[in-house]
Every structure is written in structure tokens, then in C-alpha cells.
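Asker: These protein sequence lines map, in sequence, to chains V and D.
Per the working numbering: the first sequence = residues 1 to 331.
Per the working numbering: the second sequence = residues 332 to 586.
Treat the hints with caution; some may be incorrect.
[To be verified] Per label pair, the in silico range of CB-to-CB distance:
(1) V/319 x D/451: 41 to 51 Å
(2) D/459 x V/307: 46 to 56 Å
(3) D/472 x V/246: 44 to 54 Å
(4) V/207 x D/365: 25 to 35 Å
(5) D/516 x V/29: 55 to 65 Å
(6) V/14 x D/451: 48 to 58 Å
(7) D/459 x V/12: 47 to 57 Å
(8) V/10 x D/431: 25 to 35 Å
(9) D/456 x V/10: 13 to 23 Å
(10) D/550 x V/246: 56 to 66 Å
(11) V/85 x D/393: 27 to 37 Å
(12) V/113 x D/451: 23 to 33 Å
Don't read these hints as lab results, they were simulated from the structure.
Cβ coordinates follow ideal geometry from the N, Cα and C atoms, glycine included.
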Amino acid sequence: MVSQTTKIMIVVAALAALAIIVPNTNSFVILLATRALAFAILVMSLDILLGYTGLASLGQAAYLGVGAYMTAILATKYQFGLGYDFWLVVVFGILGGAALAAVFGLLAIRASGTYFLMITLALGQCVWGLAYRWNSLTGGDNGINLRQRPKFGIDLANEVTFFYLVFAFFAVSLLAMYVLVRSPFGRSLTGIREQELRMKILGYNTWLHKYIAFIIAGGFGGLSGVLWAHTAGIVSPENVVLTTSVDALLMAVLGGAGTLVGGVIGSFIVFGLREYLSTLVPWWQYVLGGVYVLTILYLPSGLMGIPERIRQRRLASSNKAADSKKLAAAS
Amino acid sequence: MSDAQTSGRQPVLELKGLSKSFGGLHAVRSVDLKIMPGDRKAIIGPNGAGKTTLFNLITGIFPSTSGQVLLFGRDVTTWPSHRRTAMGMARTFQITSLFPRLTVLDNVLLAIKGLRPSKFVMWRFLSSYREVYDKAHGLLEQASFMDRKDTEVRYLSHGEKRQLEIILGLASDPKILLLDEPAAGLSSGESVEMTKFLQRIDPNLAILLIEHDMDVVFDVAQQISVLHFGEVLETGTPKQIHDSKRVQEIYLGTD
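Can you build the whole structure from these sequences, using the hints too?
Answerer: Take a look at the structure:
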């Protein structure tokens, strides 16, 4: 078993490598990495629900949407959030995502399992419907184009500077969520995932714990949306459609639910595969679909589960070897 | 809560005409029961007599159809489970309900945290709460589980899981513990172990026990109530119940 400190060192080293290598590549890769990082915040927030609390939400794109639309509308209609007030937009985005989750949570947390999934799906589609139909505010199907990125001392139009900003937000989010899942509150979520009835009997108001987790995930989703808006430069209904929620869910599963960093790996793989495959073959979506199916069939614990699998296989084969030796000695 | 309330002559738990119907099925019919501090009572009865349903009413998992549940004299009939736990009630489950993919230690830590306000803290590692860890270690040492504290619960034997069920019940320092068939599925050797384990529990703690294994019941309980088709048929000392004609009829069906 790899110790916790070793694991943290590996993650820190990987992040440091990312921060050093990416800015020295071409602008295509930089933009790709920036997108993956911004989206990874959403995937991690979903992992809090999926991997730690056992709630599979299919409407997580709604929170990204709130943050993204808020950023885009403020920037284009009110010229707000393009200077130092960008930080206010960040706060608004987080609060907006959390507030929407607080409302949706009241409806969704009452259910569990498939029913929770269906309710979150329906609520997510409501947000999509609003984005699609409310032309005067959201620009309808065309969405909203952001013509410029914020400028405050540093110029975020520079893609390397912007990459570092998103990277910093990502790193802080990862740290905050890591502390969260190992805190007493985070452990209570794991308890709910494992055996909710027992948690009630132990004195936990499990509804409240799930509700708070749902709101926190919504807040991180909102943050992810603010960054996404400036990364992509366009916010459209495509960002809040069901497919985006499914993407987030599958990224979390592909990397390994209940690990946080698994979602980040999933995000990078999917964004990378999508960009490169789409230039190679027109049926790239089938490849992605195949990857998902294979993961769920053969790697239910995701890519992060591979080391554990190898360890168990080694253990099993060494046991077998020991057994056959014993047999040989006996005969 | 004042001392007079908890330690006086007031019952820890009192049931008044407690009933539960599932449609036309009357699972529990007008059950009256009083448990004083330190009492050891047992409920026995054939399969389907309504024993576990009665526990689910007492702990608030099901709403009752009529009647009252009083904890320390307070009417808690409509309270959710977690608030009853906060009053000093704990229970175990007939079907083992542990956290299978967490370690033994983590299971106990969750159980201890259940009644502490710090369960909502999310900016500090759980591992930084020394006192909670000390208490968990204490509980595990008492039950001689220390050597297995880092084992995931799903890898424990059935007998070990049954014991851990009770350790989790004790972790919240309850005043009354409801045990739902602690010896379910245990071999006779393990049953004896379980009986010893139960006899070591703090004598001030009131225990209400459901059990099929009569050896366990007769060794642990001072008073036994027999439940049949949801009704309390007879209440008495182990000896009285043992000699009762009616009880023998229920169990052996001599009609």
C-alpha cells in the first residue's frame, strides 16, 4: 500500500510538471490544458457527490452554466468583471452556483439512487431550456461571445498568464476539496454512501449532510463556470445541455470515482482524446463511447484503481506460487 | 437535562399502546413496555412476530400508526431517528449494517462523531481530533479489536461484524441500547463469546434485546416479554417464561 504522503507527493509532482511543461508548448496545447483544468473543477465537485456521498447527479452542468452565463452577461451587458472586479464575479459565480444548488437540492435530496439521477437530470434540463429560450438574456442558441478577458495588473488575454490563473484556481479547489473529504464532515459523507440508515441511527441528520454537500458542489460548479466562460470565450446552451453533465460524470468514472484526482485525469484524457481524435476520424465519438464502456466493464474503479488491481493480482499469484510450492514439497 | 430526570425513578424508555399497521397487516398491536435505568429486558417471539418492526418504531425508522414512545419522559413519537439518538438511544441491526469499505477504526470514529457538533467541520482533518481517536482506541481495546483496527470491515468474519455492531452502538455513550438479534447467524461457540461480551457491558446501561438464541436471552436478560402476532402475550422472569405453557405452545405449536 502506498502511503498517503507518497500519494500527495505524486500529485504535487504531477501538478508541478504540468505547470512547467504546458506553458512551453504551443498555444493549442495550452488552451486545451486550460479547458481541461477549468472543467476538472466541475468534475471534482461532482466526485464529492458521486464518489464520496454516493449520489449520481446528472445535472451538474447547470451549475457550470450559472457561473458561465453570469460571467458572460455581466461582461457583455454591463462591462462588469473585466478589471479587478473579476474577483467579484468569481464570488458571484460561486454564490450563484451554490444558490441554485440550494434550491434544486430541496427537490433532489429527498430521493436517492435512480430517482435522484432522474430529478437532477430534469432540473438540469430546465436550466438548459432557460438558456435556449430566454433570447433577450442568454442570446438563445447562438449564446454569448465574450470579446475580451479581464485585465488587472496582469493581462489575461495572454494565454500563458490565463493558464496560470486557471491553474491556481484549480489547485486551490483541489486542496479545499481534499481537506473537505478528509474532514469530519467529509467522512460523514462517506458513511452515508456506505450505509445511510446506520448514519441516521448514529445521530447524523443525513438529509442535511447531503444537502450541504450538494450546495458545496454547486458552488465549485459555479466557479468552474466563471473560468470556463473566459477560457472558451463563448457561452451557449451547449454548456448546460445533458451531454455536458454526462461528460462530467463519465470523466469522474473514467478516472476513478471517490479519488478527486481521478476526475482530473479523466478530464484531461477526454479533452485530449476529443481534440486529437476529431482531427483524425469523423466517428471519434464512438471511440470515446468505447472507452467508457470498457472502463465500466473492466475497470469499475477507474484508472486510479489500476495500481490496487496490480497489487492484488501480484498478491494472488504469489499466493498461488506459495501454494504450488507447498504441494510440491508435500508430494 | 437534570440528574433527577436521567437517574431517578423515571423510565429510560416507555411505550404506551404502540401500534403499527401495514395496510391490513397489524404488525405491532398496542405494546406497553417500561424500561428503567440498568434494566436488561428481552423480547422473544417466533419469526414474523413483529419484533424488528417494534424496534423500528422505537428508533423512528417507521412512523407509528398509534400510541406513544417516551424517552426519559419526553414524547419522541414523531421525532426523526437522529434526534432520538441524541437523547441517548442506540441500536444495532439484525442484518449487519456497518460501513463495509471503511476500516474498523473509521467505523468507530463515525459512530463517536455522530453526536458531536464537530461532525459539520469541513476545514480540518478528522485525524487531527486526538480525543476522538483516543476514545475509539479505548473502545477497540476493550473489545480486543485493536489488532484489526485497520482492516476493512468487509474482510471481517461474521462473528467479528456482530461484535462491531455492538461497539458502534456503544460509541455514542447511550443510556439505552437496543440490540436486534446480536447472535444472529453465530455458531454456538461464537454465541457464548457474544453472551460474555454482553455481560461485560456497563451495568448502568439499560438494554432491550431481541434474540432467538435462548441461551443468550436467559443469560443476559432479567425479564422477558413474549411477542406473538404483534401483541405482548406474556412478561416474566426467564424461569417463568421457560416454564410457561402458552409460550411453549407458540414455539412448538402443540395445537
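Asker: If you check the beta carbons of residue 456 of chain D and residue 10 of chain V, does the distance land in 13 to 23 Å?
Answerer: At 19 Å between Cβs, range holds.
Asker: Given the hint of 25 to 35 Å, is the C-beta distance from residue 207 of chain V to residue 365 of chain D inside that range or not?
Answerer: 32 Å, holds
Asker: Taking the Cβ atom of residue 472 of chain D and the Cβ atom of residue 246 of chain V, is their distance within the range 44 to 54 Å?
Answerer: 49 Å, holds
Asker: Could you say whether the range 41 to 51 Å given as a hint is met by the Cβ separation of residue 319 of chain V and residue 451 of chain D?
Answerer: 44 Å, holds
Asker: Has the hinted range 48 to 58 Å been met by the Cβ atoms of residue 14 of chain V and residue 451 of chain D?
Answerer: 32 Å, violated
Asker: Taking the beta carbons of residue 10 of chain V and residue 431 of chain D, is their distance inside 25 to 35 Å?
Answerer: Given range 25 to 35 Å: holds, Cβ gap about 27 Å.
Asker: Range first: 47 to 57 Å. Now tell me if the beta carbons of residue 459 of chain D and residue 12 of chain V are that far apart.
Answerer: Taking Cβ atoms as reference, residue 459 of chain D and residue 12 of chain V lie about 20 Å apart, which means the hint is violated.
Asker: For the hint 55 to 65 Å, verify it against the beta carbon of residue 516 of chain D and that of residue 29 of chain V.
Answerer: 59 Å, holds
Asker: Given a hinted range of 46 to 56 Å, is it respected by the beta-carbon distance of residue 459 of chain D and residue 307 of chain V?
Answerer: 27 Å, violated
Asker: Honestly, do residue 550 of chain D and residue 246 of chain V meet the 56 to 66 Å range at C-beta?
Answerer: Since the Cβ atoms of residue 550 of chain D and residue 246 of chain V sit about 57 Å apart, the hinted range of 56 to 66 Å holds.
Asker: 27 to 37 Å was suggested as the range; check whether the CB atoms of residue 85 of chain V and residue 393 of chain D agree with it.
Answerer: Hint violated: Cβ distance 54 Å, outside 27 to 37 Å.
Asker: Look at the Cβ atoms of residue 113 of chain V and residue 451 of chain D and judge whether their distance stays inside 23 to 33 Å.
Answerer: 25 Å, holds
Taken one by one, the earlier hints fail for this structure at numbers 2, 6, 7, 11, listed in ascending order.
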